[in-house]
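J.: Got chain A sorted already, so can you dock chain B with the ligands onto it with the hints?
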Amino acid sequence: MDSAQSQAVRQRPVLDVPVDSRALAHHTAAEHSKLASDLVFDVRDVTVRYGVHPAIRNVSLQIYRHEITALIGPSGCGKSTFIRCFNRMNDLIPSATVEGTITYHGQDLYAKGVDPVEVRRRIGMVFQKPNPFPKSVRENILFGPKVNGMEVDADEVVERSLRRAALWDEVRNKLNDSAYSLSGGQQQRLCIARAIAIDPDVILMDEPASALDPISTGRIEDLMRELQERYTIVIVTHNMQQAARVSDRTAFFTTEVEDEASDFRSGKLVEYDFTEKIFKNPSDRRTEDYVTGRFG
Amino acid sequence: MAVSTPRRTVHDTLAGLERGRRRKLKERAFATVLFTLTAVAILVLALLVVDIVLDGFTRINVDFLTRYASRTAENTGIRAGLTGTLSLMVLTALVAFPVGVGAAIYLEEFAPDNRFTRLMEANISNLAGVPSVVYGLLGVAVFVYALNLGRSLLAGALTLALLILPVIIVAGRESIRAVPLAIRDGGLALGATPWQVSYRQILPSALPGMLTGTILALSRAIGETAPILVVGAVFSRRADNEPWYFMEAFAALPVQIYNFVSRPQEGFKIDAASAGILVLMAVLLIMNSAAIVARNRFSRRY
Ligand SMILES: Nc1ncnc2c1ncn2[C@@H]1O[C@H](COP(=O)(O)OP(=O)(O)OP(=O)(O)O)[C@@H](O)[C@H]1O
Ligand SMILES: [Mg+2]
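Chains as they are written, first to last, in the working numbering: chain A, 1 to 296; chain B, 1001 to 1302.
If we strip away everything but chain A, and leave its shape as in the complex, we get (with noise of 0.2 Å):
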């Protein structure tokens, strides 16, 4: 019973938010702030360091079940370290701390005895650069369903993320050849696929498309949007008009110099607020002028 409605709410797409709420630039972020159980991530005056100088401070904001967020900003304001923090990849980085807090559904994301290995079978992430392992394609789906001992149809399991990840027909006839015939655009779906193929809640994706063309790009795009049915979507880009095109929300991160003197700088959310808000009518000077490429 309580599962199926869980399933129920999983499944409701996400354009049930009522389109006039988006359109009501005026509003604020908070004012936004859909039912409590749609709420994925609650993060808290997070900051992250490396060593003892913050790379970013104090960052607030709330993400919901089945949107797209964008994290946009200039090179070095920390969208990678914020975006590794949902699943606890700093963690591996032995200089770097983080401070605030999580919430997962509810749940303190870095709580004593939640083990990060449980918490990134259920929040994937793609990179940057597409790194399938070297095997061959089949081997780098069920990759995820074997060490997470998840008793699966191996063959069903493989078509099945595949075609999610829009990619089964040019691979089809290619199961068994190495992940490296693939090309970049291919590879990256194929890591997307991997994430798939564990059934996350989340997916990260730190510029999953820099190192694409624009029509690989524009797969991946198309693809973001099905995926977003299914699952809760992160992503971090330097494209304008990618986190226009894909995103339901936008935040804005930009650096601050933290120390005259040093001139050392630390990343700081701007802004956070619907992705068209954002582009179309920006609260902040500072993401106004990054959006309309007058930054500098």
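Since the hints were made in silico from the structure, they are not lab data. Just to be clear, a hint being listed does not mean it is correct.
[Unchecked claim] Here are the computed lysine to aspartate or glutamate pairs in the EDC-like style, where the Cα-Cα straight-line distance is at most 20 Å:
hint, chain 1, residue 1, chain 2, residue 2
1, A, K112, A, D45
2, A, K135, A, E170
3, A, K135, A, E159
4, A, K135, A, D155
5, A, K129, B, D1185
6, A, K174, A, E156
7, A, K146, B, D1185
8, A, K135, B, D1185
9, A, K112, A, D42
[What the hints assert, rightly or not] From the structure, some residues in chain A lie toward chain B, with a derived Cβ separation under 8 Å:
hint, residue
10, R121
11, P134
12, S136
13, V152
Predicted model only: the values in this text are computed from it and were never measured. For every residue, glycine included, the Cβ atom is placed at its ideal position computed from N, Cα and C.
T.: The following block gives chain B with the ligands in isolation, referenced to the frame of chain A:
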């Protein structure tokens, strides 16, 4: 002003060409020196090999390979040394490879970055430079006496394993480091544990490099005379050495060659010794080719 600018550029270009010519001359001189040095080294090596081949080639035949040591130079053979060396190789590899690979994985993937780890790393690098006879003495003290293995094949193999362990660990770490970080991140991001990533991704990718390192280290080890001489390899044995009889006394090619050379008779000192050296060199060549094949066969592109 505006007119003089292009003229100056042309002038600069010509000066650049002049400098380029001088640099080329220097490069050529340097290359000639390097070539001469290399040629001298190869020539000396070639002379040695030719000398040995001339002395030993006629002495090599099936009898020489299949006979045990004899008192007469015409009847002697290196069967005991050959089987001993092959068995030593097998046992040494069986011990050194897993331990070395395990240590390399631990140091690269799991060891905390503390003073103890750094001390261990420094030690391993230094151990690679310790003279082999020292390993022999260690082998006598630890394996022959303390562990009471006696002057056995096993004691010899363990000693050689110790000798090549640092090399295997260093080569293993290098090949682990050559696996791109993106592979590791990719595995971890799919919910694999660090152990699963090491075992299923890093290890298979690093294996060819580890194998090559191990084979090359092994081929150095089987040419070593000092350590196994100290541990107690016998000069002339009239029995085979099989790896599974590891508590028996053992012979080995380098020790047998050493014995041939130290005899007064020409038949031993020159003919048999040269023939023995040829056999040893053949074994080494085969192993080095195996290393190359292993590297080409299993290596992966990224
Ligand atoms: N592993 C690390 N160790 C130390 N400092 C780091 C590390 N990774 C990132 N930083 C620093 O943190 C800051 C933010 O880096 P981050 O990679 O998160 O920026 P970004 O917004 O993703 O930039 P880009 O758009 O260029 O990818 C930078 O100043 C960077 O130098
Ligand atoms: Mg980045």
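J.: State for each hint whether it applies.
T.: Evaluation of the provided hints:
no.	hint	verdict
1	K112/A with D45/A	holds (19 Å)
2	K135/A with E170/A	holds (17 Å)
3	K135/A with E159/A	holds (17 Å)
4	K135/A with D155/A	holds (16 Å)
5	K129/A with D1185/B	holds (12 Å)
6	K174/A with E156/A	holds (16 Å)
7	K146/A with D1185/B	holds (17 Å)
8	K135/A with D1185/B	holds (16 Å)
9	K112/A with D42/A	holds (18 Å)
10	R121	holds (3 Å)
11	P134	holds (4 Å)
12	S136	violated (12 Å)
13	V152	violated (14 Å)
In summary, the numbered hints that this structure violates are 12 and 13.
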